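Q: Sequence:
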Amino acid sequence: MHQDLVPLCAADIQEQLRKRFAYLSGGRGQDGSPVITFPDYPTFSEVPDKEFQNVMTYLTSIPSLQDAGIGFILVIDRRQDKWTSVKASVLRIAASFPANLQLVLVLRPTGFFQRTLSDIAFRFHRDDFKMKVPVIMLSSVPELHSYIDKSQLTEDLGGTLDYCHSRWLCHRTAIESFALMVKQTAQMLQSFGTELAETELPNDVPSTSLVLSAHTEKKDKAKEDLRLVLQEGQGILESLQDPPAESTAQGVNQDQLDSQATVQRLLAQLHETEAAFDEFWAKHQQKLQQCLRLRHFEQGFREVKTALDTVSQKIATFTDVGNSLAHVEHLLKDLASFEEKSSVAVERARALALEGEGLIDNKHYAVDSIRPKCEELRHLCDQFSSEVSRRRGLLSKALELHNLLETSMKWCDEGIYLLASQPVDKCQSQDGAEAALQEIEKFLETGAEHKIQELSEIYKEYESILNPHLMEHVQKVFQKQESMQEMFHRRQASLKKLAAKQMRPVQPVAPRPEVLTKSSCPSPGGWRGPENSGSEGSTLRRGPYRRAKSEASESRQGRGSSMGDEEENLAILRRHVMNELLDTERAYVEELLCVLEGYAAEMDNPLMAHLISTGLHSKKGVLFGNMEEIYHFHNRIFLRELENCIDCPELVGRCFLERMEDFQIYEKYCQNKPRSESLWRQCSDCPFFQECQRKLDHKLSLDSYLLKPVQRITKYQLLLKEMLKYSRNCEGAEDLQEALSSILGILKAVNDSMHLIAITGYDGNLGDLGKLLMQGSFSVWTDHKKGHTKVKELARFKPMQRHLFLHEKAVLFCKKREESGEGYEKAPSYSYKQSLNMAAVGITENVKGDAKKFEIWYNSREEVYIIQAPTPEIKAAWVSEIRKVLTSQLQACREASQHRALEHSHSLPLPTPASTSPSRGNTRNVKNLEERKTAPLNLEGYVSASLSKPHEKGKGWSKTSQSLEAPEDDGGWSSAEEPINSSDAEEDGSVGPKKLVPGKYTVVMDEEKGDPNTLNVRSGDVVEVVEEGAEGLWFVRDLTHGQEAWVPASSLCALLGKSRSAQCLSSSESSPGSAVLSNSSSCSEGCPAPFDLQA
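Numbering of the sequence shown is given in UniProt numbering, commencing with residue 1 and proceeding in unit increments.
Bear in mind the hints are in silico, worked out from the structure with no lab data behind them.
These figures come from a predicted structure and were not determined experimentally.
One should not assume that every hint holds.
[What the hints assert, rightly or not] Pairwise CB distance ranges, derived in the manner of DEER restraints:
#1 Arg675 - Ala601: 15 to 25 Å
#2 Glu195 - Glu272: 18 to 28 Å
#3 Thr160 - Ala282: 45 to 55 Å
Virtual Cβ for every residue (Gly too), placed ideally from N, Cα, C.
Using the sequences and the hints, build the whole thing.
A: Shown next as structure tokens:
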């Protein structure tokens, strides 16, 4: 069996070839036979058979098959050897030569003895040398030249053939290594091509990009390897083509030519492989790139379709056609804004459709998948555009209708103004009546352009937008127009009668008394009283009694019409205020949205990150505060509720009252404003703000818009005042008054909180002190019993300037410190000095010598603080508020004591309250009583009341009505039902007004006869003073006659004189003439311990 022999390489037998016991010089015989030379090699016999066989096999495989088929010529040089070696070498070579032999030439030994011996031995042993080819024994080199030309023999054989065995071996190793590289490269490219062909195309962009990147990287590596192989082969070819200089003249032998041809053939094979691979890669790369573009197209299609579906759903929600002209304009603006924002998605969809068409034009392999998607994108874009156009058309129709309605309303209002502006007295004359009639006729001529002509035509023309609400609005406007025209027709009829009357000569006839009696001249407080009275008087003087009566009747009708016109004028003014409120509210919401989208959202935009300074990083919450919360409240809730009140502006107060808790968010915003202002001053030059301002096309910088919420919360109270001014006799007047008070209360709370957060140095939690009731700056003197005499005298004459904060549980004394800077940085701060626990505090209302001073004393007057307010009104407000705090604490102590007593003695009956006042059980409603607003009462007379009257009274201990906008006055006040911890110090020796306290008294003088509903008492009657109410009134019960009534304090003091209550206790620590108006000096029972005082 033949075994497949692996061809030998020079690298495998490099060491065996390096021994040079045989070599292939490249020479050729006369017939082109390759010549293998066996040079003189003394140790030839020692070469192992395996090595000899490998060398022979390799040398015979080098020539071409054509040359090898002719046969090899062996030249055996044994000139320096012995005959025995010659014989062994020839026999060994002949026995193991692997190829065809043509001739064996042997150069026998040159020594005489060895030469003779070889001749004799060759003759006698000729049979031993019988081979397939002849063996010729040569005696000399010239004889060799007769068989082989000198040019085909190496120099050692007397030839001229240049041969270097080491160079030959290097070339053979390089050629064979290059051939192996070519083979491996071809296999590698074929394997890579198979891998590329078998790769499945991914279904998403990242995977496709990854495959394309990986294949490109592998292709680049393969191309680099191929380039290196080509470079190697080119180097070998150049080495073969550029032989040494000494061999140039001798020419190139056949083996060298064969080697060059081999290398050129391998290079050509490489170039063919590279070209085939490049062609395959181009197709594969194109397919991958098309796949990647397809995946991008499909991903973009999904995103765009989702965006178009979203905008289509949103445009479907634009069903509102508006309920007013401003509302429709707002809706059109919203639609335009929505269309602008949606245009990004629409333009992207159209661009994607064009991209898909480009793929189809470039003969993409997935045309059947791309074309339907392009058609769907165009359909969605066209559908969206048509829907937007349809919505814009409907809103334009609505705008046109509302313009018509507004024009008609304006025309009606102008007509009403015209009727109201025509003075009744001037219309009594013929000239005046004719002039007024001409004015009316001229005005009615303008109605063709402004009024609604036919209601049915309106319904037909605007059928597509008319909903029940809008139809009702149209009917109302039309009815108003008809009513106004009817008023004009009535006025025309009256004026025509007056203009048609003939003037009679004036007769100086005095009016009869009954004419004056029957005349319906209004009171001076009635509508247009002075004008109407004068008009009637002149009519009576001009005509007889019957004509005067007729004129008086017409005058009454005129007055009734004038009053109706006045109501209509007020309604127009209310509507004007409501429109201003709505317009400014919408503008406010738009400005907030603009700031949030144009500034706040851009701070999170990665594309703008390089413009943001380091000081702004993670500071969005500081800069904008809770503006987003404010925006959502106004946009989603408050604005819509205001729009619902457009037809009834006088009821807008309910919107404010229902959302009053939501307005507390402004307190948080205002508290953060100083931090925001400080951050803005540090970073106002940041390029980020300039870029945002440029994009928004704002003329003002961001800080102006950050001030908008503060400006808006103060704007509401102005609008509410205006609305209340024109709604005094309307249904919602009380709600408007309460809403105004609540808004002012919020402003006060915001103002107080801004001062509160400026307190420094307080170790505790200010929230534990309860609600902040009042705050303000005062001059304070201190007087301590245990203090040093000099300190006491010094403190008496040198006041301290302190800012006081009155909480429910404590009063804080702070020192005001002005700060340098601008804006909020200039706001003052307050250094905490000391605090007093309200559980151990008492007050003295009046301090001798100054109506602006009062005392706060602590722990039974161990510490006394004389407080001087800026004005008597501020002093009265603080005293009243402190009294309320102390009263509530006393009530809490009493309830706690009753609860403990109830727990210890369940079987005992509950103790009867000390007073049976109708409002004694109404203590829990004190807060509601404080917030109620009542009209001023006449303090000169008695005010009788039923038993339920105390529940309806307003603020007690009121001295002067104070505005919440005053800088130092922080709101209204009222006393509680029973003041505690208080004393009134009066001037020594002076007799002042008696201070009333609840209790039983004896009347010392008779009451003059007054109103039958008042309390009539006589000297000696016993009365019980129950409690103090609002406006200085006291609830008094007559125990002698069983009557009850509210009596002014001044009248009650006069009735009681110097009579003392049995419940009134003197205070040994009060100044002379003062009295303690409570059952105890402090309500320390059941209350917390006092605060520690700090210097």
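Q: Please test the hint of 45 to 55 Å on the beta carbon pair from Thr160 and Ala282.
A: For Ala282 against Thr160, whose Cβ atoms are near 54 Å apart, the range 45 to 55 Å holds.
Q: Within 15 to 25 Å or not, the Cβ separation of Arg675 and Ala601?
A: holds, 21 Å
Q: Could you see if the CB distance from Glu195 to Glu272 stays within 18 to 28 Å?
A: Cβ of Glu195 to Cβ of Glu272: about 21 Å, so the range 18 to 28 Å holds.
Hint violations for this structure: none, all hints satisfied.
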